[in-house]
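Let chain D serve as the given structure and place chain B on it in line with the hints.
Residues per chain are reported as follows:
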Amino acid sequence: MSTLTQLVLSGILIGSVYALMSIGLTLIFGVLRIVNFAHGEFLMIAMYGGWAFSNLFGLNPYVAALAIVPAMFLFGAVVYWLVISPALDKPHLVVVFATMALSIFLQNAALMAMTADLRDIPPIFNRSITIGPIFLKVELLLGFLITILCTVGLQWMIKKTYLGKAIRATVQDGEAAMLMGIPVPRIFLITFAGGSALVGLAACVMVPLFSVFPSVGLNFVLIAFVIVVLGGMGSIEGALLGGICVGVMQSLSGYYIAPAFGQMFFFVLFLLVMIFRPNGLLGQKGAAMIGMNE
Amino acid sequence: MSIAIPASISSRRIPVLPKRGQISWFEIVLLVISLGLVVSGIAPSLQDVILLSFLFAGLGLAWNIAGGYAGLISFGHSAFFGVGAYTSTILLLRYDISPWIGIWVGALIAAVFGSILALICARLRGPFFILSTLAFAEVVRIGALNWSSLTGGPEGLSIPPMASLAGMVFASKATYAALMLGYLVFVYGITKGLEASRFGYYLFAIRDNDDAASAAGVNPLLGRTAAMALSAALTGVGGSLFAQYFLYLDPTYVISPELSFQFALLPAVGGLGTAIGPVLGSFLITPLSELLRSHLGNAAAGLHLVIYSFGLIVVMLYFPAGLAGALNKLTRWKPFS
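Protein sequences appear in the order of chains D and B.
Positions in the first sequence are counted from 1; adding 509 to them yields our numbering.
Positions in the second sequence are counted from 1; adding 950 to them yields our numbering.
Hints in this document: simulated from the structure, not taken from any laboratory.
The reader is advised that the hints may include incorrect statements.
Computed footprint of chain B on chain D; a stretch qualifies when at least three of its residues, placed anywhere within it, have a C-beta under 8 Å from a C-beta of chain B [claimed, not checked]:
1) 557-568
2) 724-730
3) 733-743
Here are a few chain B residues that face chain D, going by a calculated C-beta distance under 10 Å [to be verified]:
4) I1023
5) A1072
6) L1074
7) L1081
8) E1088
9) A1214
10) L1215
11) L1267
Note that the coordinates shown come from a computational prediction; the quantities given were computed from them, not determined experimentally.
Ideal Cβ placement from N, Cα and C applies to all residues, glycine included.
Chain D on its own, in the form it takes in the complex (with noise of 0.2 Å):
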């Protein structure tokens, strides 16, 4: 039973990091309707940010967020600039393909400047925190009170903020918002480098846990898939819902069945989702419609 119980816990500690992730991609899907192949490479290159704020100067990661965060939202603003907004009014393929272009390109050139060595953090936390029989890691709860507090600040930004309520105007109908006086164009930027810059603080939540390398970001980009589709593209709770979902079945697989089943298990569960409720679980009704015309 207890080992239920911590098998469970630890999923939806660890679900709710790998929901932190995939808020970035939701938002950007949202919003600006692409797929963002390039997530994970962005999440590559701010762990590496992490990594070198710990290996350089010794700050832990959680105070390198102060500075990655809004480099991060930086980078993204740069990328929006050159490749995404360039492509927006093409077909949807080029923004496909464009992205996939980005996400090799960083992924090559970080091997290039990093090598392909792993590369870890020391330890922060030298013990667990011990409840019963249950231990938990100090890092993944610290990653689970982050999760929430930006879920719910998001939330509140979203629905009370003037920013917000651009942001929707401009998810309900693109041209009737410019036509409102909204600078729709200023929204994609703002909501891409603001995914970009929520990817930023996942990454500093995540270089404790696991290894940077330059590939990391395609392992953890595919889970991300998985959550947003799970959640419903668009929806912030939906993504945390999902996280967790995933999270809890990986844990959960992985100990009674084998850890590389566990991987298949969720694509399974996603392709269950796509045949079954293509709008995700929390999305909005015809959320699986964005994107028709491709």
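Positioned in the frame of chain D, the structure of chain B alone reads:
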């Protein structure tokens, strides 16, 4: 500034170089040059590059049937490639069945996989379709990795390198080049036939407007499934040929997202939904990436892919209609009028 107003589909369509069902002088010249390269056997060091260009041109064409003609942008085609490669190899190693037969069995099984994927994704469009194909290929890859008794698992399978005609293993690379060119011409012929056929017109109709097509009496699900099955079968044939050339298979290369991307990139660069596009794409990109790899590969790991992907971003952003589209504009350009 750009706004996400979806580009209309008609603006995406590229005027095909020759009229449908006809063959242009350009295609004939390209074929003669290719034949010349194979027969003359010049530059043995380039033979690898040449035959890979043929193989990938055929694979790009096979992808194009689904992606370009039927509008089914798939990033899961390496699953069909792998299924084809594994089927013919397993039949050869276990049951001693010649690859000349095994290839067609592989194509058939790949077609079944293609139909399954098309049915899974029947209701999905755009990014959802793309992500589902990616997930499908991952399921197949992880399955192949773990079903060791059949596929050899992560160690892969090796075909004994004994040259024989029945075993489709040859000593000279020129023979392989001829084989790959044969594959390319075969897929090209099917594509050209498709372009002029009734079925081809059904696919264009389904791609351009689903509802209008079904109102006009075309069954979109049937059309999509058939297109995916045909595309998968031809990709499977390419997979078997690949296995016969490299004589080694492992799931992490044969069924990888990278390979799927490559199949899709060649038509995208060359010109989507045209017969000549994937060929042009492959003749440009495959030698480029192979040469960059062999010249820069040792000096700096990853540099060739950095250059390659950078070029790709530029091509995608500035020539979204691909090389065929750019060439077509060039031939229409009248300097003195």
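Margin query: Less than 10 Å between beta-carbons is the criterion; does A1072/B satisfy it with respect to chain D?
Written below: Check passed: Cβ of A1072/B comes within 8 Å of chain D, closer than 10 Å.
Margin query: Using a Cβ cutoff of 8 Å, are there at least 3 residues of the region 557-568 of chain D near chain B, or does the coverage claim fail?
Written below: violated (count 0)
Notebook entry, point to check: Taking a Cβ-to-Cβ distance below 8 Å as contact, does the region 733-743 of chain D have at least three residues touching chain B?
Noted result: The restraint on the region 733-743 of chain D holds, since 4 of its residues have a Cβ under 8 Å from chain B and three suffice.
Note to self: Taking beta carbons only, do three or more residues of the region 724-730 of chain D come closer than 8 Å to chain B?
What the structure shows: violated (count 1)
Item checked: Interface hint compliance - I1023/B to chain D, C-beta minimum distance less than 10 Å -> Hint on I1023/B: holds, closest Cβ of chain D at ~6 Å, below 10 Å.
Notebook entry, point to check: Are L1074/B and chain D close enough, Cβ to Cβ, to be under 10 Å, as the hint says?
Noted result: This interface hint holds because 6 Å falls under the 10 Å limit.
Check: Going by Cβ atoms only, is L1215/B closer than 10 Å to chain D?
Finding: holds (7 Å)
Check: Going by Cβ atoms only, is E1088/B closer than 10 Å to chain D?
Finding: holds (5 Å)
Notebook entry, point to check: Holds or violated: L1267/B as interface residue toward chain D, Cβ cutoff 10 Å?
Noted result: Holds, because the Cβ-Cβ distance from L1267/B to chain D comes to roughly 5 Å (cut-off 10 Å).
Item checked: Interface hint for A1214/B, Cβ within 10 Å of any Cβ on chain D -> holds (8 Å)
Item checked: Restraint satisfaction for L1081/B [CB to CB of chain D, less than 10 Å] -> Holds - the Cβ of L1081/B comes within 10 Å of chain D, reaching about 5 Å at its closest.
The structure shown violates the earlier hints numbered 1, 2.
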